[in-house]
Amino acid sequence: MQQMQPDTDAMAPLNLGDLDLTTNEFILDEVDSKTFSIILSSPLSLATTPLSILPSLFLQRMEGMLSGFQSDLSSISSEIQTLQQQSVSMNVRLKNRQAVRSHLSQLVDELVVPGAMIHPVTEQEFLDQLHELNNKINFAKELSFRETLACSDVQDIVDRLKIKAVTKIREFILQKIYSFRKPMTNYQIPQNTLLKYRFFYEFLLANERTVAKEIRDEYVDTMSKIYYSYFKSYSGRLLKVQYEEVADKDDLMGVEDTAKKGFFSKPSLKSRNTIFTLGQRGAVLSPAELEGPILIPHTAQRGDCRYPYETLFRSQHYALLDNGCREFLFLSDFFMVAGNSVLDLFNSVMGKTLSLFLKSMSTYVSDCYDSIAVFLCIHIILRFRAITTKRAIPALDKYWKAVLELLWPRFELILQMNIQSIRNTDPQKLGVLDTRPHYITRRYAEFSSAIVSINQTFTSERTHTLLGQLQVEVENFVLKMAAEFPSRRDQLIFLINNYDMMLNVLKERAADDSKEVEGFQQLLQARSQEFIEEILSSPFGGMIAFVKASEALIEKGQLDRLKNDEARITQLIRGFSSTWKQSVEALSQDVMRSFTNFKNGTGIIQGALTQLIQYYHGFHKVLSQPTFRSLAVRSELINLHHLMVEVKKHKPNF
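Numbering (full-length UniProt numbering), first residue to last: 1 to 654.
None of these hints come from the bench; they were simulated from the model.
Among these hints, one or two may not hold up.
Simulated pairs of lysine to any residue, SDA-like, Cα-Cα distance not exceeding 20 Å [unchecked claim]:
| hint | residue 1 | residue 2 |
| --- | --- | --- |
| 1 | LYS213 | LEU195 |
| 2 | LYS225 | ASN186 |
| 3 | LYS398 | ASP322 |
| 4 | LYS164 | ASN186 |
| 5 | LYS507 | ARG568 |
| 6 | LYS240 | VAL255 |
| 7 | LYS232 | ASP248 |
| 8 | LYS621 | ILE554 |
| 9 | LYS164 | PHE199 |
| 10 | LYS548 | ARG568 |
| 11 | LYS401 | TYR439 |
| 12 | LYS649 | MET592 |
| 13 | LYS621 | GLY542 |
| 14 | LYS182 | TYR228 |
| 15 | LYS164 | THR210 |
| 16 | LYS401 | ALA319 |
| 17 | LYS176 | LEU195 |
| 18 | LYS232 | ASP128 |
Cβ-Cβ distance ranges computed for the label pairs, FRET-style [claimed, not checked]:
| hint | residue 1 | residue 2 | range |
| --- | --- | --- | --- |
| 19 | THR299 | ASN476 | 48 to 54 Å |
| 20 | GLN98 | ALA206 | 30 to 36 Å |
| 21 | GLU244 | GLU218 | 32 to 38 Å |
| 22 | VAL432 | THR299 | 46 to 52 Å |
| 23 | LYS95 | THR193 | 27 to 33 Å |
| 24 | THR459 | GLN420 | 21 to 27 Å |
| 25 | GLN525 | LYS240 | 49 to 55 Å |
| 26 | MET184 | GLN420 | 17 to 23 Å |
| 27 | THR465 | MET184 | 18 to 24 Å |
| 28 | LYS232 | THR459 | 32 to 38 Å |
| 29 | GLU412 | HIS131 | 56 to 62 Å |
| 30 | LYS648 | GLU244 | 56 to 62 Å |
Where is the CB? At the ideal position from N, CA and C, for every residue including glycine.
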């Protein structure tokens, strides 16, 4: 057997540079290459090596290489885990550092004191930096409770800045308060300035309560004196433009005009009736005048103007209302108080002024006998109280109540005095009797209408009660005066004239459904009907009596009892036919002379003529009965329609 030599020239060289040494192909190629190199290096070994050994060697080498490779992979995996753990740890540390940085930066920002805070230039900058300083003070307090060490580094600077700020604020506010004291100063201007810097007081209240109390006490003392001085001077100057003539204790409703006074007594009013007349005085309650500008006393004095007390009262109390509301709002806003605290503070400022008002009012009321003035003042207060309630300003509620407690009893006392004066009136001392309206009833009518018209907006039952008592006394007085006349006709004329006058005056101001109007309407209608019967009884009394008697007998079925009265019936028919025109004319003229109110007189004439036609119509009905149907004199009866036409000619037109 020839031994075959390997053809080394035919084998291609192995180029390792073209292979990826990390691939499985290279590993296998490398193993095969080594194995074949060993075998081929010795032909003897190739010949003597069994074929079964070749795979085993190859596998051993592969196992060794794979074991090493597995070991390398294990070490790489552990390194990856280590790197992953390190990455997680670094991420946690980063987050912690970011969180700490956020807290520390906020802490540093809150603690750091910038240069602008130490040296503010303008007032607005000072106000802005004061807000910032207040935040740092509060933050430093919070950190000090937590025992933060960094707080101690800036605490001294913050404290010094606080002292400096408190000093500047104190000087600024006190300067504004002292400016109130300058003569002719409009204190509302510095008040508005203080409101712009309200935080100044808030800063003091939070950081230096002693200084805050000092400023509040200084403000209360200053404004209390200013208000007291202003209103004392204003009230005194107002009284100089009051009417010189005022009502006194003798100017009562039931006092006769001829009453004499003592030698040393002051002269009475030129006309006592003006005390009980409202006139234009009620205009003080109109919205335009109630909240109109206050009176300027020196201007009124230059113009020689005089005013009733209620006008001065309105001006004085509207000034109080306006200043009181503004002061209450300022106190609650600037000093940051509410509820009872602001009420107490308001009383500290306005208490002396309100006491001055009440003392002055008490002095006036104790010597006042002008009931309309007092009643107008009551309603001025009621309206002002409604205004403060609408504005939600409770500061003056106690004062309003105190004033009403002064005015109401005085009004009731004056009214009782007037009631008593009418009750004590002696008709025989009131001069010559006259059927025209009496001056006492005119006083009552004017006064009652004034009180009723004022009382319509804020109705008071106590007022209605007093007016009811007054009305009863006036009605009794009218009846007493009427009894002085000798004839019933004159009595009725006096009653009708007075009732009519009082009713017309009341209707001018009071509602038609008021008790006073309804009461006098009923009295007037009753007396007017009685007067109509009275004036018809003289010229037509016979016919009227016959008709009434006949109608009564017809109802009883006894008309036959009059069948023998032919002569009487003839006389009545012929008498009426011949005299009725003259009687109606005389009646009309007499009525128009008797009554001062033409409209009332016209109404009475029309009522009398209507009643006359009704009686004559009844006369016709009676004579149409079977008992009188055969009477020849029936042909002389005047046709009823013709009578109505003729009667209309006699109705006066006014």
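Here is what the structure says about each hint:
{"no.": "1", "hint": "LYS213 <-> LEU195", "verdict": "holds (17 Å)"}
{"no.": "2", "hint": "LYS225 <-> ASN186", "verdict": "holds (15 Å)"}
{"no.": "3", "hint": "LYS398 <-> ASP322", "verdict": "holds (16 Å)"}
{"no.": "4", "hint": "LYS164 <-> ASN186", "verdict": "violated (31 Å)"}
{"no.": "5", "hint": "LYS507 <-> ARG568", "verdict": "violated (48 Å)"}
{"no.": "6", "hint": "LYS240 <-> VAL255", "verdict": "violated (30 Å)"}
{"no.": "7", "hint": "LYS232 <-> ASP248", "verdict": "violated (26 Å)"}
{"no.": "8", "hint": "LYS621 <-> ILE554", "verdict": "holds (11 Å)"}
{"no.": "9", "hint": "LYS164 <-> PHE199", "verdict": "holds (16 Å)"}
{"no.": "10", "hint": "LYS548 <-> ARG568", "verdict": "holds (15 Å)"}
{"no.": "11", "hint": "LYS401 <-> TYR439", "verdict": "violated (37 Å)"}
{"no.": "12", "hint": "LYS649 <-> MET592", "verdict": "holds (16 Å)"}
{"no.": "13", "hint": "LYS621 <-> GLY542", "verdict": "holds (16 Å)"}
{"no.": "14", "hint": "LYS182 <-> TYR228", "verdict": "holds (15 Å)"}
{"no.": "15", "hint": "LYS164 <-> THR210", "verdict": "holds (15 Å)"}
{"no.": "16", "hint": "LYS401 <-> ALA319", "verdict": "holds (18 Å)"}
{"no.": "17", "hint": "LYS176 <-> LEU195", "verdict": "holds (11 Å)"}
{"no.": "18", "hint": "LYS232 <-> ASP128", "verdict": "violated (42 Å)"}
{"no.": "19", "hint": "THR299 <-> ASN476: 48 to 54 Å", "verdict": "holds (49 Å)"}
{"no.": "20", "hint": "GLN98 <-> ALA206: 30 to 36 Å", "verdict": "holds (35 Å)"}
{"no.": "21", "hint": "GLU244 <-> GLU218: 32 to 38 Å", "verdict": "violated (44 Å)"}
{"no.": "22", "hint": "VAL432 <-> THR299: 46 to 52 Å", "verdict": "holds (48 Å)"}
{"no.": "23", "hint": "LYS95 <-> THR193: 27 to 33 Å", "verdict": "violated (52 Å)"}
{"no.": "24", "hint": "THR459 <-> GLN420: 21 to 27 Å", "verdict": "holds (25 Å)"}
{"no.": "25", "hint": "GLN525 <-> LYS240: 49 to 55 Å", "verdict": "holds (52 Å)"}
{"no.": "26", "hint": "MET184 <-> GLN420: 17 to 23 Å", "verdict": "violated (52 Å)"}
{"no.": "27", "hint": "THR465 <-> MET184: 18 to 24 Å", "verdict": "violated (51 Å)"}
{"no.": "28", "hint": "LYS232 <-> THR459: 32 to 38 Å", "verdict": "holds (36 Å)"}
{"no.": "29", "hint": "GLU412 <-> HIS131: 56 to 62 Å", "verdict": "holds (59 Å)"}
{"no.": "30", "hint": "LYS648 <-> GLU244: 56 to 62 Å", "verdict": "holds (57 Å)"}
In terms of the numbered hints stated before, the structure departs from hints 4, 5, 6, 7, 11, 18, 21, 23, 26, 27, listed from lowest to highest.
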